[in-house]
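Below are the chains, spelled out letter by letter.
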Amino acid sequence: MTNAQNIQPETVEQTVEDTNYVPVVIKSSNLRKRERTGYAFVLPYVIVFCIFSIYPVCKTFYLSFCKYKGGIGKVPEWIGIENYDTVIHDIQLFWEPLLNTVKIWGLNIVLQLGLAFLLTIVFSDVKYKIKGVGVYRVIYYLPNIIAATSLAFLFSTLLDQRYGSFNQMLHSLGALGSNPETWPNWLGSKDLTWISIAVIQAWMWFGNSFIMLMAGVMGISRDYYEAAAIDGAGRWKLFTKITLPLLKPIMLYVGVTSLIGGLQMFDLPQIMINKAASSYPTIRTVIMSLYNFGFGPYSVKNVGRAAAMAYVLFAIILVFSVLQFVLMRNKEEE
Amino acid sequence: MNKKDIKQELKNNKTPLTFTKSLNFFWMALIYTAITILAVVCLIPFVLMMINATRDGHEIVRGFTLIPGDDLVANWKMLTKHINLFRAMLNSLIVALPCTLLSSYFSAITGYALAVYKFIGNKLIFAITVVFMMIPGQLSLLGFYELVKELGMIDTYWPLILPSIASCGTVFFLRQYVLSLFPKTLLEAARIDGAREIYSFHRIALPIMAPGIATMAIGAFIGNWNAYLMPLILLTTQEKFTLPLLMSRLNESTDVAANQGAIYLGVAISVFPIMTCFCFCSKYIIGSITAGSVKG
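Line by line, the protein sequences give chains A and B. Take my numbering: the last position of the first sequence gets the number 342, and nothing is skipped along the way. Take my numbering: the last position of the second sequence gets the number 1104, and nothing is skipped along the way.
This is chain B alone, in the form it adopts within the complex (with noise of 0.2 Å):
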């Protein structure tokens, strides 16, 4: 359901209801007057964020103003003197990209497997994917610390990227969207013509599934660049921290912690490229929200 769908729902509204009364100017103001204010309470605090990342630390904590100030240089050099937050971008993004790809690309062949393949087991291994998705991630911690522990991975990257093979919601979801939308005919037609299984998949499935497979790959990448306990149980050296990690420590540095402004402008800069990346393509992001759900 996009932006494009509603706005034709509301237009084609007009036919059953009978409201042709004019409608009374001063209860609209005050609908559209609440829901802005709504909106500005979604954006004041990143707002703050802004102007004070630009404010000198004593200026911030002395009093309140909308109006930027010239000290973004000044909080830039006490923030970068401390902390390595692009070294932590660059970490987040060497752990949430290999993450997406893995998941997007097992999942689709295992959802497509599941979906199109009759072999024993097939349903014993789809009925544990689906109770796995309902069991909840602290069950696992402890004894997933353990295991890491035992396979001697700990402080490294392979233990929050490998696990994105299995994705159990992912594999669910794609392969209830193979089963609604594939049509195995195109696969009969491919097997006459002798192409082999994982051609099929390849040239024929993939393409098919491309709109499903990118679905859940933003909700896996914004959940991956977000994600803060396991990076937090499992990594122990700071310059292999991500960004969700780095953040948590921001005020363990004094001088930091002392300077409002280099604290804002530090938020500021970890929040930018999620932001700018809602900014870009909130439509697919807010269609990846619905999708597993209602539908389901």
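Isolated chain A, as found in the complex (with noise of 0.2 Å):
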């Protein structure tokens, strides 16, 4: 306490000023005294953060820089750069799956946002006058938030070629042939496999993107509307001029978040595609290929790799999230 007492006049209306405190409080000791409060106040958090986010952070970076098996009794073994070097010439494992990862989530982006987009204009339209916007905006987002490991069984199950129900649905409709073996393969084939689990992703996420754009919508404030018709702009002018300018920067937002934690693809694609199965290699994410290496089998196990896939992916990651953040800067700015 002593040395609270002996702080200079200065330091104690600077910290008063500082905290826009009233000035009932002004006595230097107590004033110290509460502030400190904080620090009991973060503790647990700041001590299980140090734990179990910040250490495995860093020991996933100095693993990168080892080799190491990670069976019982071996030691991580320190080799330098060698990891990075061989992820980055890494065609199969690493830049294949990158390759996969991307096309999956383009494709799945394009449907998501096309549809959440559509979505919006029809519901957010005046004259249209929707009923019932929050039942269907209900059943929109229902399949998010199932499970998607329950989702991949229930899918792999319906999907099959000769006894799942959605072929037979299909076929029953008359839209395939008699011969279960010309129906189309749908998470089996090299060409359609990717194209079912994008479809999939989409029909998971485009509730929400929709959910976002609409909640965007909503927040335009309707005196520019209204100023902009009083200046005789017609319904697509208001649409181009207004909407569609100040929906931009939520769609941006929605497309890289739906990026980075598309990058990092794993459940879905992990669970329906049988690893035996042909269609296996055009559907491997970056993160099934680590995960191989970090916990798979021990003859292919090789934690220092993935660990530096890790770091690779991240730095990818890391582009991106800039790149947003720039955007979105600029657009404020402007």
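Simulated from the structure, these hints should not be mistaken for lab results. Among these hints, one or two may not hold up.
As the list claims (entries may be wrong) - Some residues of chain B that are not near chain A, with every Cβ distance over 10 Å (derived): (1) I839; (2) I875; (3) G877.
Stated by the list, open to error - Where chain A lies over chain B, by a calculated footprint (3+ residues, C-beta under 8 Å): (4) 863-873; (5) 881-888; (6) 918-925; (7) 952-966; (8) 982-991; (9) 1019-1028.
Think of the CB as a built atom: it goes at the ideal place given N, C-alpha and C, for glycine as much as any other residue.
Quick one: dock chain against chain with the hints and give me the complex.
Structure (structure tokens):
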């Protein structure tokens, strides 16, 4: 406490000004004591954060420079940047999975955002006045809250070529011939599998995007429309000159968050597609490849390489995050 | 933004725009048909799931129908003979519930402290929190596994539960929430009345923060209930498997894999709790999606 009483008057005033405190509490010792309560409050967070967040990230970084198989009694052995060198030159297990991931994500985002965008136009249009927005919104969002594992299982059963209900439904609607051999093999053929997964992803996420865009439209002030309408702007003008430009940052936000999440795609393809299937290499994502190195069978296990992969992927994600940040800021400055 | 707001918004829209032309009936019918078809597309996999859960495996393989069968009990017996879905559900609850409570309470107290107290390091802690919000989970995955191994916690629930004390996103959100909503004068008043700081937090701040905490808690619960990758690398004993993990192993039992009816029933049971929960509090769940992003 003696320490606190020795504080110079200027310091006290400085603190007071900073915190906007009412004059009643100006008593340096009390003030300091109070502010220090903050330490006690954040302490559990900081401890757990250091142990379970900061340490693992640093450990992964360290492991990325090591040769390490991760078995019992094995010790990481420092080998420098060799792992990074391997990953950057690894076509089959890094760049191809990355390409697959981007491909699946790309088709998914076109469908997802396109659909969400159309829905937002329809549902927010003053002329249509669609009834039951709430009900539609709930239904569109439903697929998003179901666990991806359950959905993966559901779809891998539904989409089975010969015995799945989906093809049988198409068959009874007359869309498919009588010979099951010619029916589309949604999750087996090399050309169809990635499309199936992209469509399922879009199906899972368009409701989410729709709600985000809708919230954006609802956030646009009525004043803009009124002012423009008084100036004689038509419905199309209102849409292209007001709604669209104001919606752009949200679309960008949705797109980039989706890309960051999409680059980490794992559950759905991992569970849906059998490793032995011929379509497996066409839908193997980066995280699936990483998982195989980090936690797969002992013969292929290479923790150092997996760690290096995580950091290379992180660097790629970082570029997109920074890009998003810059684009967003430019938007605000305009 | 809830249902009522939007309805109100749409009603209020009569004012500025002068579209007095009568609506084209066919155009409207077309729009309603399109959005309804989309709704059907969202629901059909779940409908097929429920119907097929009541049908015999051989029957499902032979053809498609929308009429429920009468083999629900048989499928149920087949399923429960091999796996214990309810055990997995309980396990999921054992993980997701403490996670939700811990992340809610500790994020609230941390977010509050970061917003209200000025202490050295406050800004630094906040900055690191924001940085870690953007760091993808795969970056810590391997190190996390090594850490859990060093702590001897493999195949326990601790590494799934404890980290939720430090939920960056929730702390960030609640800090902003306190800054924008919490009147500091309330705290001053309590101080003048001689209340201790922790008392002020529990009795004054927590109730005010409740809506924000609830929003984050819903997200935390669903996220933890659906989590797959972490339990997958950490849990090894089948008795300890959480629901998503057990689901992913459903086809390992050949008897079940051979009977599609049992698979559909398993999936149906696994999605049932979260679907029911969604039916009752969809408003809050949907509210929680836009909470952090659009306003922030």
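Give me the numbers of the hints this structure contradicts, sorted from smallest to largest. Hint check: 1, 5, 8, 9 fail, others pass.
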